[in-house]
Amino acid sequence: MRGGSIYIERTSGLHRLHPLTKVALTALCFASAAALPSLAWLLALFVGLLLPLAIWGRLTAAFLKSCLLVVGPFVISLTIIQGFFSGGETVLFRLGRFAFTQEGLLAGLTFAARLLVALGGTLLLMQSTPQAQLMQALTERGFPPRLAYVVLTAIQIFPSFQDRAQVIIDAQQARGLELQSGLLSRVRLLLPMVGPLILGSVMDVSERAMALEARAFSSPAPKTSLHSLADSPSQRILRWLLVLAAAALLAWRLWSALQ
Amino acid sequence: MMNLRKEFTTLSITLMAIGIGINLAVGTIVLRLGLPLYLDSIGTVLVGALVGPWAGAATGFLSNLVWTLTGLFPQAFAWAGVAAIIGALAGVFARSGWFNTVGKAALAGIITGILSAVLSAPIATYVFGGVVGAGTDALVAAFRAAGLDALLSNVAQGTFSDPLDKLVTFLIVWSLLLALPAREKARFGNLPVAAGRPLQGKTRRPAGKKTAAKKAAKKSTRRR
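Just so you know, the sequences run in chain order A and B.
1 is the number of the first residue of the first sequence in my numbering; add one for each residue after it.
1001 is the number of the first residue of the second sequence in my numbering; add one for each residue after it.
Hints were generated in silico from the structure; no laboratory data involved.
You may find that some hints are simply not true.
Here are the computed lysine to aspartate or glutamate pairs in the EDC-like style, where the Cα-Cα straight-line distance is at most 20 Å [claimed, not checked]:
1) A/Lys223 - A/Glu140
2) B/Lys1006 - A/Glu213
3) A/Lys65 - A/Glu140
4) B/Lys1185 - A/Glu140
5) B/Lys1006 - B/Glu1184
6) B/Lys1185 - A/Glu207
7) A/Lys223 - A/Glu213
Here are a few chain B residues that face chain A, going by a calculated C-beta distance under 7 Å [what the hints assert, rightly or not]:
8) Gly1021
9) Pro1074
10) Ala1076
11) Ala1078
12) Leu1119
Quick look at which bits of chain B chain A covers, simulated, 3 or more residues with Cβ under 8 Å [said to hold, decoys possible]:
13) 1096-1102
14) 1108-1116
15) 1135-1142
Small disclaimer: the values here were computed from a predicted structure and weren't measured.
Built from N, CA and C at the ideal position, the CB exists for glycine as well.
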């Protein structure tokens, strides 16, 4: 995939929500993925909460596509591994001495649905929130600003690294490097390809650091932000409710596990 | 805690950002080459070796956060702790001089790989139901078929692929440290003085018009 973001710009209510409200929503998805007991409940949450949110954010097609891309491989692996190896009475079919059971299939699909809910919540957050806004919101709540800088810079320079890597690949191919050669020779190709990329960028570090210092990066004085995030009292209440719901779900799950 | 402050200067913060960029870029190159490795921690190990364990740990942790934030690999955050430990280990190994010789660097890579396999397996087993949603799941299936239980199959799969991956990662970082001018290495101050001593003619240096000048600069700083 090209670039370092799956954010999709739209004008919608979901996009206008404060980033932390959406983070709280994702937290609820994680708690539900861990706590909900059955496949039906998990799918109901996906169809009843995540899908309407995606429609509200006018992201339906992109959201479903990313979910499929991310969770699809898990569905395949999980149904095969759980179907064959988690035991059960109802044999659907046999492959040699291994039986594929209905109980195993259900266990695999339930696990896949848990991942769908948790990763779906994450994908929806990232598709409706610019990374810079998310990091700004986190920084305002105590996330170290220097680490936020690291995260955002890494995301920004990733595409330029990809361009640089492409230039190196092209240059080495022009010198006779074959990408379709045997496995061992491809391993040997690794160093001439990643070497120039990494050494070049490490040499740039001091220049970048000086540019930062010249802009008071390590100054202890309070800094103002060009952009401000819109928040509202109702969203603050909503956030607390979401966090409480997530905590209640986890507590209920723990309680029923102990029974 | 003294070290913690020392490892988060503006210079090392900048290097950490570059390190994460390297992780992402090399991770995608490796995918294009179609190698059976991940090599998504070269930047983490490089930062750990140059700056120290704390910076290495932060780079590993934030790398996985960035994989999640970019949406390229949203499940990565589950392994952020393992990535942090890999970075910290690289810092400790480098500080104790394990990057001085190729043999020790290789051994450090294998140790790190085994540890990362053991730490990753419970996450794959209990968070993801025993799979990672990639080609290596075929190995897990093979181990399950051979009669191992869920956790052991994931440990076995990990010890099959992780030590090799980290061995190659550590060897690449070792050769990068050889090629990096002493001036750049001394800036960060984690490596002992002898680290990355050039073995004449044994590594391939990236070609460029500045190479000869850099070589000379390296020699003069070393003999000061």
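Quick rundown of the hints versus the structure:
For a cut-off of 20 Å, the pair hint linking A/Lys223 to A/Glu140 stands: about 11 Å separates their Cα positions. With a C-alpha separation of about 16 Å, the suggested pairing of B/Lys1006 with A/Glu213 holds against the 20 Å cut-off. Between the alpha carbons of A/Lys65 and A/Glu140 the distance comes to roughly 33 Å, so the proposed pair goes past 20 Å and is violated. This hinted pair does not check out: B/Lys1185 and A/Glu140 have alpha carbons roughly 35 Å apart, beyond 20 Å.
Simply put, B/Lys1006 and B/Glu1184 have alpha-carbon atoms about 17 Å apart, close enough for the 20 Å limit, and the pair holds. A threshold of 20 Å between alpha carbons decides the hint, and for B/Lys1185 with A/Glu207 the separation of about 15 Å falls inside it, so the pair holds. A C-alpha spacing of about 14 Å is found between A/Lys223 and A/Glu213, which places the hinted pair at or below 20 Å, so the restraint holds. The interface hint given for B/Gly1021 holds, since its Cβ lies 5 Å from the closest Cβ of chain A, which is under the 7 Å cut-off.
Of the supplied interface hints, the one on B/Pro1074 holds, with its beta-carbon coming within about 5 Å of a beta-carbon of chain A, less than 7 Å. With its C-beta approaching chain A no nearer than about 10 Å, B/Ala1076 sits outside the 7 Å limit, and its interface hint is violated. The interface hint given for B/Ala1078 is violated, since its Cβ lies 9 Å from the closest Cβ of chain A, which is over the 7 Å cut-off. With a cut of 7 Å, the hint placing B/Leu1119 at the interface with chain A is violated, because the nearest CB-to-CB distance is about 20 Å.
With a cut-off of 8 Å between beta carbons, the segment 1096-1102 of chain B has 0 residues touching chain A; three or more are needed, and the interface restraint is violated. Only when three residues or more bring their CB closer than 8 Å to a CB of chain A does the claim for the segment 1108-1116 of chain B stand; here the count is 0, and the claim is violated. Using a Cβ-Cβ cut-off of 8 Å, 3 residues of the segment 1135-1142 of chain B lie near chain A, which meets the minimum of three, so the contact claim holds.
Hint compliance for this structure: hints 3, 4, 10, 11, 12, 13, 14 are not met, and every other hint is.
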